[in-house]
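Undergrad: Listed below are the residues making up each chain.
Number of protein chains: 8
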Amino acid sequence: MRELLEAVADGSLSPAQAQAQLQGYVTDDAGRFDAARHDRRGIPEAILAEGKSVEQVVTLAETALETTDRALLTRISDRQYRTLASSLEESAPDATLERRGSTVRVYTPAHEPPTLEATVGIVTAGAVDEGVADEAHVVCADAGATIDRVDDIGVAALDRTLDQVDRLREADVLIVAAGREGALPTVVAGLVDTPVIGLPVSSGYGHGGDGEAALAGMLQSCTVLSVVNVDAGFVAGGQATLIARAIDAARN
Amino acid sequence: MRELLEAVADGSLSPAQAQAQLQGYVTDDAGRFDAARHDRRGIPEAILAEGKSVEQVVTLAETALETTDRALLTRISDRQYRTLASSLEESAPDATLERRGSTVRVYTPAHEPPTLEATVGIVTAGAVDEGVADEAHVVCADAGATIDRVDDIGVAALDRTLDQVDRLREADVLIVAAGREGALPTVVAGLVDTPVIGLPVSSGYGHGGDGEAALAGMLQSCTVLSVVNVDAGFVAGGQATLIARAIDAARN
Amino acid sequence: MRELLEAVADGSLSPAQAQAQLQGYVTDDAGRFDAARHDRRGIPEAILAEGKSVEQVVTLAETALETTDRALLTRISDRQYRTLASSLEESAPDATLERRGSTVRVYTPAHEPPTLEATVGIVTAGAVDEGVADEAHVVCADAGATIDRVDDIGVAALDRTLDQVDRLREADVLIVAAGREGALPTVVAGLVDTPVIGLPVSSGYGHGGDGEAALAGMLQSCTVLSVVNVDAGFVAGGQATLIARAIDAARN
Amino acid sequence: MRELLEAVADGSLSPAQAQAQLQGYVTDDAGRFDAARHDRRGIPEAILAEGKSVEQVVTLAETALETTDRALLTRISDRQYRTLASSLEESAPDATLERRGSTVRVYTPAHEPPTLEATVGIVTAGAVDEGVADEAHVVCADAGATIDRVDDIGVAALDRTLDQVDRLREADVLIVAAGREGALPTVVAGLVDTPVIGLPVSSGYGHGGDGEAALAGMLQSCTVLSVVNVDAGFVAGGQATLIARAIDAARN
Amino acid sequence: MRELLEAVADGSLSPAQAQAQLQGYVTDDAGRFDAARHDRRGIPEAILAEGKSVEQVVTLAETALETTDRALLTRISDRQYRTLASSLEESAPDATLERRGSTVRVYTPAHEPPTLEATVGIVTAGAVDEGVADEAHVVCADAGATIDRVDDIGVAALDRTLDQVDRLREADVLIVAAGREGALPTVVAGLVDTPVIGLPVSSGYGHGGDGEAALAGMLQSCTVLSVVNVDAGFVAGGQATLIARAIDAARN
Amino acid sequence: MRELLEAVADGSLSPAQAQAQLQGYVTDDAGRFDAARHDRRGIPEAILAEGKSVEQVVTLAETALETTDRALLTRISDRQYRTLASSLEESAPDATLERRGSTVRVYTPAHEPPTLEATVGIVTAGAVDEGVADEAHVVCADAGATIDRVDDIGVAALDRTLDQVDRLREADVLIVAAGREGALPTVVAGLVDTPVIGLPVSSGYGHGGDGEAALAGMLQSCTVLSVVNVDAGFVAGGQATLIARAIDAARN
Amino acid sequence: MRELLEAVADGSLSPAQAQAQLQGYVTDDAGRFDAARHDRRGIPEAILAEGKSVEQVVTLAETALETTDRALLTRISDRQYRTLASSLEESAPDATLERRGSTVRVYTPAHEPPTLEATVGIVTAGAVDEGVADEAHVVCADAGATIDRVDDIGVAALDRTLDQVDRLREADVLIVAAGREGALPTVVAGLVDTPVIGLPVSSGYGHGGDGEAALAGMLQSCTVLSVVNVDAGFVAGGQATLIARAIDAARN
Amino acid sequence: MRELLEAVADGSLSPAQAQAQLQGYVTDDAGRFDAARHDRRGIPEAILAEGKSVEQVVTLAETALETTDRALLTRISDRQYRTLASSLEESAPDATLERRGSTVRVYTPAHEPPTLEATVGIVTAGAVDEGVADEAHVVCADAGATIDRVDDIGVAALDRTLDQVDRLREADVLIVAAGREGALPTVVAGLVDTPVIGLPVSSGYGHGGDGEAALAGMLQSCTVLSVVNVDAGFVAGGQATLIARAIDAARN
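Chains as they are written, first to last, in UniProt numbering: chain A, 1 to 252; chain B, 1 to 252; chain C, 1 to 252; chain D, 1 to 252; chain E, 1 to 252; chain F, 1 to 252; chain G, 1 to 252; chain H, 1 to 252.
Derived from the structure by calculation, the hints contain no laboratory data. Treat the hints with caution; some may be incorrect.
Said to hold, decoys possible - Label pairs and their in silico Cβ distance ranges:
1) G51(D) with R79(F): 48 to 54 Å
2) N252(G) with G11(D): 51 to 57 Å
3) E50(H) with R100(B): 55 to 61 Å
4) R169(H) with D166(A): 56 to 62 Å
5) E98(A) with R79(G): 52 to 58 Å
6) Q23(A) with R99(H): 32 to 38 Å
7) D159(B) with D166(H): 22 to 28 Å
8) V165(F) with A9(D): 30 to 36 Å
9) R100(B) with A110(D): 55 to 61 Å
10) S53(E) with D166(C): 30 to 36 Å
11) S53(E) with T96(C): 36 to 42 Å
12) V165(B) with R79(F): 51 to 57 Å
Ideal Cβ placement from N, Cα and C applies to all residues, glycine included.
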């Protein structure tokens with residue numbers, strides 16, 4: 001404790017870093033950032049950009065970088081991204097930004113990328129599902145997992161699906177994203193003995209649109225699978241990471 | 001007209017038969033029976049027993065027999081069936097009763113069974129779907145169609161499904177009944193070039209139970225199919241019959 | 001096989017065309033296009049433009065043209081259409097574009113239009129239903145069917161409806177589009193012995209708006225009809241085509 | 001006031017009757033009965049038997065009889081009816097009980113039946129709608145209206161409907177009861193210039209069952225009509241009575 | 001008939017006017033206009049501008065003017081209104097336009113305004129309900145009824161309500177518009193013996209918002225009232241007109 | 001600690017009592033009873049009998065009595081009550097049972113009834129709401145509050161309501177229970193400056209039945225009130241008790 | 001009365017002020033403002049700016065200031081606020097405007113701020129809940145309560161929550177705002193013996209989004225709490241104020 | 001193949017066993033049993049007894065025993081269980097039946113119980129959740145996993161929860177069952193770095209009852225977890241088994 005306060009006093013530790021070490025979370029203008037989440041929960045606190053002001057997004061990203069050397073942002077708009085990028089050029093000039101769709105990962109040179117000896121298969125039924133799958137993709141990649149991405153193999157053309165089954169069996173855990181009637185996770189889960197996480201996507205129109213039919217269908221699936229909310233790519237990626245890490249721990 | 005009234009006068013035509021010929025429908029104690037439905041619509045008026053008193057069911061069945069030589073009853077309870085059977089023993093002693101699940105077909109010797117040169121494939125995903133499929137079965141059989149019934153080939157064990165595809169391709173029109181997530185009609189419709197009618201079944205529990213997930217999934221299907229309401233076996237059978245008859249007419 | 005690869009080698013067959021012949025589907029930047037859908041299912045894979053980027057729409061349309069000499073696009077925006085048109089001027093200068101509302105059909109001189117000896121009646125209840133009916137119209141016309149289009153005969157002025165019944169009886173199969181309370185398919189189906197496909201439209205406001213009352217009403221219809229999802233003109237057109245083709249096959 | 005209290009004192013007025021005259025409502029063991037409702041609102045307070053104990057039903061009926069010489073009970077069970085009948089034999093031996101389905105009307109010789117020079121047309125689409133229509137029937141008859149009852153003319157056999165239009169045009173106000181897709185009120189309201197009250201009935205199964213499709217369809221009707229809740233025969237009858245009475249008042 | 005055709009031939013009758021007289025409805029580019037609606041149903045066909053193109057709106061309004069000397073338009077946007085006004089300056093320079101909120105009434109000098117000896121009370125709970133009430137207002141005024149408009153007397157300040165009860169009792173029929181919890185129609189209907197039409201308004205946010213709580217509350221009302229759909233001012237006005245006209249007819 | 005264990009050893013404290021003092025909760029065959037709830041939360045843990053076996057109910061009640069000298073049970077069936085009563089005759093022969101509707105309160109002579117200088121007004125709209133209000137009644141009475149119960153003053157007869165306003169103003173906090181459209185809490189809350197807790201009741205049928213319209217209406221209320229779930233009399237009573245106790249504490 | 005009219009005559013009282021004193025409410029161009037609400041109900045009528053025109057907002061605010069020396073406005077847009085501010089510069093140049101998020105409080109020097117000896121704790125689960133909490137904040141502050149605001153202590157990082165429990169126990173009443181799954185009010189209410197008002201927030205996406213999961217969860221809470229509608233910060237603040245004032249009254 | 005047929009011929013293999021080895025599934029009177037499911041999917045096909053006749057249940061159990069030496073039955077009624085037990089006494093006298101709530105596991109001496117070096121933690125919030133948790137319990141135990149069962153630690157008494165966290169951290173995967181507002185999985189998942197499967201339970205009444213609030217809350221959880229349908233104990237147990245087996249495989 002004394003040591004830590006002396007580090008703050010001599011400037012080698014910022015007040016935010018000290019608070020993060022003492023309390024786990026850090027209070028800034030945009031709220032309390034849960035700096036200890038990754039250690040406690042295995043998944044970092046992601047910053048959901050949607051619904052936040054540009055200022056809140058930048059402040060939270062900077063706090064995350066300052067205390068954990070890394071920030072994960074989801075559902076970021078183009079405008080939020082541009083401001084974030086230019087703000088970080090000043091506040092964290094050596095940080096690296098990686099963007100995949102509306103998901104962003106930032107890290108400083110101090111960040112030690114984790115290694116994770118496990119493969120997460122990420123599967124989509126159609127082109128419209130790819131943005132949501134990207135969110136899961138970034139989370140799992142950030143955790144160090146190998147990603148096997150298989151796009152656009154919906155059951156309307158069943159050969160597209162069956163052609164990939166052997167490859168899907170290789171993964172340690174599968175995320176299967178689908179909109180409309182959401183039948184792909186059911187069909188895949190009937191063919192492999194891997195844990196499957198169903199990820200419903202808000203495509204489709206009319207009755208059962210906005211992902212509700214896909215969600216209900218996955219919950220009613222006549223095979224075994226667990227499900228996350230509509231468009232919840234981050235949660236699917238987080239759950240796959242936790243499973244992958246448990247497997248990795250058992251391997252090592 | 002004169003002729004008809006004379007037939008009533010001399011007793012060779014009952015008043016109900018005369019009304020049926022004049023107006024199309026017949027008024028009895030239990031309502032107006034649409035005796036002309038079969039000629040006008042191609043599908044007879046079925047008597048939905050559920051929600052009717054035993055007396056109403058018997059009266060309507062007798063009116064149907066009197067004016068069209070045949071009666072079709074759906075969702076009949078055991079109690080309703082027993083009373084119907086014993087009532088008909090008196091009022092229509094030469095009538096034949098056929099029962100399949102909760103669907104009943106009665107006809108007198110005067111009924112000329114139609115012939116229909118077409119095959120309706122009736123497919124179920126699981127054992128719980130069979131009662132609803134039976135309703136469709138009776139309607140199509142009553143119309144003279146050949147029925148190819150294929151039970152219990154849900155996609156959880158995809159081989160069960162794929163083993164039957166060649167056979168399914170032989171049918172002129174397909175009814176595919178499924179509960180839970182209702183994926184079977186989508187998978188089947190992706191593999192055949194036959195018109196497919198999706199028939200959702202009220203199995204399943206929890207969110208999307210009572211057939212709602214199956215219905216929404218079939219409406220959202222990424223393949224081409226049309227749908228009837230949950231458990232509406234009669235409607236599915238009627239629609240398949242209309243299609244089969246159009247094909248039969250073109251053949252002949 | 002050898003032949004096919006040699007055709008690729010000498011440039012008389014593009015790699016995409018070869019993949020389409022070998023696997024049925026073609027992988028491009030925008031996903032996997034199901035080139036074999038028309039042969040397998042009788043209905044081509046349509047490109048749902050809504051929710052896709054302009055680039056994805058153009059890429060998929062070009063792949064469709066390259067491998068099947070034709071492309072069908074639904075729910076296209078003005079902006080997507082303009083870019084598509086100008087892109088095709090370069091990549092497929094001899095292609096013909098036909099647009100009806102938000103539905104587009106493109107074909108090259110190599111496309112052999114099918115012939116289909118059958119009539120699809122397409123009926124609307126009101127002016128707001130016409131855009132959705134257009135989608136069905138294009139699909140059936142593309143399949144070679146004769147279209148008998150009857151607009152704006154909703155039941156509020158029942159004479160408008162009854163005046164057309166004789167004409168509706170002529171069709172081999174009927175699509176009846178209606179929003180609001182969606183009563184027209186029920187009334188029509190009570191008067192003809194033709195298969196009727198109910199097509200609910202997302203008009204109406206307040207409780208049961210967005211087509212939900214129309215859909216529920218058609219599912220509950222006291223006559224026999226099958227239904228597609230709200231605004232699913234493509235599906236209605238596809239199902240009508242499958243029925244029309246079965247009739248055509250029986251005729252010939 | 002003095003007079004009234006003296007009447008209580010000499011027994012020519014019961015305390016309940018006095019309270020009814022002073023406050024409008026009467027408090028008994030089963031609650032507060034709104035004895036002034038008929039004078040104030042034109043419709044008596046009906047006793048909804050469903051959900052009440054047999055004792056509450058009897059107490060309220062006796063209070064109603066004591067203070068208004070009449071009682072109207074809806075949704076009464078067989079058991080409640082039997083107890084009511086035998087209780088009234090003792091407490092109100094000269095009362096007359098009239099029962100129509102689950103609706104009951106009781107009155108003493110002191111009750112002066114109102115006269116109402118107006119006709120309420122009560123129409124049903126099918127046999128299952130008759131119980132709900134009966135509730136409206138009793139309310140209007142109790143108010144002295146002439147009832148023109150037309151049963152079982154649903155649109156599946158449109159001739160049944162059209163045959164009755166001239167008769168329906170004669171009514172001063174129409175109640176049209178229908179379950180399933182509930183199209184009958186829309187069709188009728190398109191053909192007459194009479195006020196139409198749509199009365200949805202909880203028949204039908206599957207999606208939109210329990211009267212929800214009928215209610216939504218009537219609310220979305222493309223013709224002009226107003227609606228009451230599912231199975232709310234009492235409310236439909238009350239509203240028709242208010243309209244009929246306004247017409248009657250204008251006539252006289 | 002001969003006469004009519006000669007009138008067309010000599011130009012004293014346009015083809016549209018002739019079709020209106022012969023068939024009741026008129027077919028133009030924007031659909032079939034039900035010119036006979038007013039005679040048959042007592043309420044003219046209103047043109048719902050929402051969801052229609054500017055061209056469709058103008059065409060339908062011109063057809064209405066040509067065949068019935070009057071047009072009623074609801075849910076018109078500013079842009080639609082401006083184009084309509086400038087179009088009519090050319091095609092119908094002597095027409096008068098009246099606008100109240102988003103409802104518009106147009107008539108030519110040939111239009112003979114009806115007289116209707118009856119008062120419709122139109123009541124709102126709050127300021128947000130006034131636009132919807134305006135729609136009813138225009139319909140009733142167009143029919144010649146006297147309107148008694150009472151705004152902003154919601155039950156949160158019950159004195160505001162009670163202060164107006166005597167005035168409300170004077171009306172022949174009442175329309176009561178309310179959003180949020182929609183309690184005003186219930187309270188009013190408990191105090192008057194006039195027919196009350198509840199008009200739910202899509203105000204409110206959160207659970208039960210968009211008028212759903214108001215609609216459900218009016219359907220569940222413990223007093224007698226009938227209801228129209230959320231924001232359906234036109235329907236409420238039409239139904240009130242039909243009732244008012246029946247009273248007027250009885251008066252005269 | 002030592003003391004406590006010695007008390008267990010010499011039998012003056014049961015193991016359950018000791019666990020309750022050490023951990024706050026007690027583990028028995030039917031689960032963990034939260035013996036410290038009353039001290040921590042101000043409201044005892046009530047035993048929801050519905051959905052539990054008779055054995056579980058008895059075990060939990062005995063544990064509650066053993067550790068807190070009192071038990072509160074809600075939604076108890078007749079069968080559960082009879083078994084509980086006879087079981088307690090043996091296990092706790094000096095306990096007193098009080099039952100009000102389906103709510104039961106048991107206490108031993110060791111229970112010191114709390115005093116609470118505050119009045120809770122409990123109001124119902126109609127007779128069907130009384131059972132739910134009873135649940136709140138027992139909770140508040142158990143806490144020592146004075147209860148002012150005012151039954152059956154729904155707004156359909158507004159005089160019934162207004163007659164009681166002065167009395168309602170006397171209470172420190174009000175619970176207002178109502179089913180159907182649930183307007184009473186809104187009207188009451190507009191007339192008093194007391195905190196009002198709306199308690200929706202699952203009466204009513206059709207659309208918005210089962211208390212959903214009442215709940216939505218209270219949530220949308222144009223006056224200030226807070227709400228509990230449908231039929232949640234216990235929660236309403238608990239919240240009123242917490243408010244009453246805060247007032248009592250400020251008084252003393 | 002005479003006095004009041006003379007004050008109007010000599011200009012020392014405006015007509016609006018006189019009407020407010022006589023009737024309680026004031027009628028202006030934008031409706032009836034309930035000037036007596038604060039005296040009668042303890043909470044002033046707030047002006048919900050959303051859905052009103054700029055002119056209506058300004059008019060109502062001016063009426064409020066004129067008759068009660070203060071105005072409270074919620075859900076105000078930037079455009080509405082700017083116009084209000086500049087209008088008041090002319091009409092009420094000495095008024096003070098305070099804005100917190102989209103909630104605005106205006107008062108003139110004549111306004112005597114109330115004092116209220118009680119603390120309202122206002123708690124949020126995350127940054128997105130703060131705008132809704134601000135609405136409650138302004139209402140309670142306007143009433144003179146001490147506010148203890150504790151932001152961003154959602155249960156995902158439970159230490160953040162537990163660290164604040166002692167502080168939360170100090171408040172007289174708690175408002176706990178939470179979106180997503182809305183678990184925070186349940187956890188807090190399990191730890192304190194203070195009345196807790198749950199305030200669901202419309203954050204979250206997918207199934208149960210828009211605050212519906214949070215609302216349902218709070219209604220189902222296994223602890224005791226009452227709830228307001230989604231985003232109803234004003235109502236939560238009003239209810240907390242009523243409770244705080246009751247406590248304050250008991251204290252003094 | 002030849003060998004297999006000879007085994008059938010000499011009776012050492014039954015036809016069902018042969019079909020199971022050849023096709024994977026077996027056809028009997030009650031449907032097609034997926035004998036290969038365990039090998040292909042890692043989880044055996046369970047027989048959902050609910051909705052099946054007693055005969056179907058017995059037939060399917062016997063087929064399962066005959067082909068896989070084991071049967072798993074869920075949602076079995078007492079009547080079904082008794083008949084099953086007595087039937088098996090004859091057909092499989094050496095079989096062992098184990099029942100836990102409504103879940104049953106049967107195996108013959110030939111069944112080799114699997115070993116699985118992994119611990120599944122199964123947690124419930126309250127006593128009502130235990131039946132559903134039992135279903136998961138049996139599935140995991142059948143797969144050979146070690147079960148750590150922790151009952152009745154809902155968040156209303158947070159100490160009950162926190163006391164168990166260290167123990168919960170020991171598990172390889174957690175199933176957390178909760179009804180009502182379903183907050184427990186969120187709180188647990190915020191404290192451990194183990195994969196958590198949320199299992200909503202159909203307890204609770206009123207709005208969000210039947211498990212819908214719990215399901216929506218878990219889908220909206222602000223921590224990372226995946227979810228199964230309401231009461232889907234079998235699916236939760238199956239998914240936990242697949243994860244446990246992947247960990248076990250990595251360990252060995």
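Undergrad: Against each hint, give a clear statement of whether it holds in the structure.
TA: Here's how the hints hold up against the structure:
no. : hint                             : result
1   : G51(D) with R79(F): 48 to 54 Å   : violated (21 Å)
2   : N252(G) with G11(D): 51 to 57 Å  : holds (55 Å)
3   : E50(H) with R100(B): 55 to 61 Å  : violated (23 Å)
4   : R169(H) with D166(A): 56 to 62 Å : violated (37 Å)
5   : E98(A) with R79(G): 52 to 58 Å   : violated (39 Å)
6   : Q23(A) with R99(H): 32 to 38 Å   : violated (50 Å)
7   : D159(B) with D166(H): 22 to 28 Å : violated (46 Å)
8   : V165(F) with A9(D): 30 to 36 Å   : holds (31 Å)
9   : R100(B) with A110(D): 55 to 61 Å : holds (59 Å)
10  : S53(E) with D166(C): 30 to 36 Å  : holds (32 Å)
11  : S53(E) with T96(C): 36 to 42 Å   : violated (26 Å)
12  : V165(B) with R79(F): 51 to 57 Å  : holds (55 Å)
Consistency with the previously given hints fails for numbers 1, 3, 4, 5, 6, 7, 11, ordered from lowest to highest.
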